[in-house]
Amino acid sequence: MPREVGSFLGEWWLPDKPERRVAGLLHITDRGDLQLETTRLFEEREPFDLTIEDTYPVVHGRAGKKEFTLLDVLPTTPYRPSTCLIGATLAPEHLKFNRICIAFPNLTRFTGSTGLSRTRTGDSPTHTWKRPPSRRTRISEGAYVDLSFSWESPSERDKLTIAETAYFDVQVDDPTEIESLHQHIGPIRQLVSLGFGDSVAPCAVDVFTPYVTSDIGAKSVEEPLELIRAYVHPDDQIDPDIWPMFTLDDLPGSFEGALPRWYELSRRLEPALVVYFGALYGRPRYRDDELLLLVIAAESYHRLSPHFQQTTQGKDVDRWNAVLASAPTELKDWLGGRIGESLQRRLWERLRDLAHHPGPSGRRIAKRIPDFPSKLANWRNRLIHYDPTKDAARLDGAQMAHACFVLRCLLTGCLLRDMGVEEATVEVMLGRSRPARYAMELNPWEDFAKSAESEPNRSDGVSPGVPEDP
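If you want our numbering, it's the 1-based position in the sequence shown plus 69.
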């Protein structure tokens, strides 16, 4: 499944105007960015016409022997397609797909399965490949995912190397729109990135449609179309030597049970995961932006998770209930809403809960920041409310970087616990990750040693300090 990269010179046209073909150059970068430079516009415009053109849903093209279907093409200069399909020119009514294959770099390390073996014949090693057993799981009604493998024969230059590709093969019973099928990339990429502890973008994606087939003997087989789409991904690509902190078989239920459970988690926690993984895929340039996003993700996760209490308990509840009972009837609804808001758990309480959820390892990691929940809550409140009087809540760059590592570890640990991983296993998995190593080894806090000495017997991993209300 090699990804097409480069510039393709050809002719391009709108499906309803095939006679008006335009010469142009389609640029595809290794990140999946798309630009189409043409010698003239697809549609002639009057001079000084400043009206905004609509997006072209479909544009067809041919460069040499390759056929292209460009989707959602913005009428900018140059044109900017959102998606490119290589292998056919599909009419709008034929943009229905029933299968998508998603490959990631180093995926065999995450799946824990490989068909490659190496033997030594005489003085020379030889690579052989045998297809691993197929595995399938059902992720929803009428949707299945296979764990599949393929290989490429040795090249002339390096006859001892076999290139193996592992990929998630998503299949649906009924052909669907490409956007619906594309949505499977999101949760699968999240799980792979969670395993590696870094942003891992698909290295190749193929889609299949019943409208593009070829005959092999008496059998009709759907032909793959390469899907090119830009993915948010940091400039510093994943280290090719990186190994995941866990494999699919390390999770409860292995591949067959873990993937459906992750799909369910991804749907339920979508707002929090979009922020959390978004900050990982496209890391902000400045540390305060990254830390703020991670704090928002932590708060959102706490609100969406069924494992945490959402309201404050104690004397305040009884007092407010008494006030509500004696309030005039016309004010009860309004006052009840305000009381409900005031009883919501504050940010420092939510961060404290997050430190406990992964188990002892989470509490130890959180304790690397003195007064962890209150310190980050006060920092967030000062930043959001622009209160210069709370200068004590300021953090320097090194402290914010360390806090980012701590929050990443806590959120990763929480997600692993939600997947059913035992506390002791979470500790082992986190111990293999780079963020956990940095969280435990770095110490940019001047009062860390003082805090540790003042509470030598404290076992909950968090300080009892209570932050100020914003």
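To be clear, the hints were calculated from the coordinates, so they are not data collected in a lab.
Hints are not guaranteed to be accurate.
Quick list of in silico lysine to aspartate or glutamate cross-link-like pairs, DMTMM-like style, CA-CA up to 25 Å [what the hints assert, rightly or not]: (1) K135 <-> E210; (2) K134 <-> D102; (3) K165 <-> E210; (4) K86 <-> E122; (5) K135 <-> E246; (6) K165 <-> E291; (7) K165 <-> D123; (8) K199 <-> D238; (9) K288 <-> D215; (10) K199 <-> E162; (11) K288 <-> D238.
Numbered hints the structure breaks, given as an ascending list: When the structure is compared with the hints, numbers 1 and 10 turn out to be violated.
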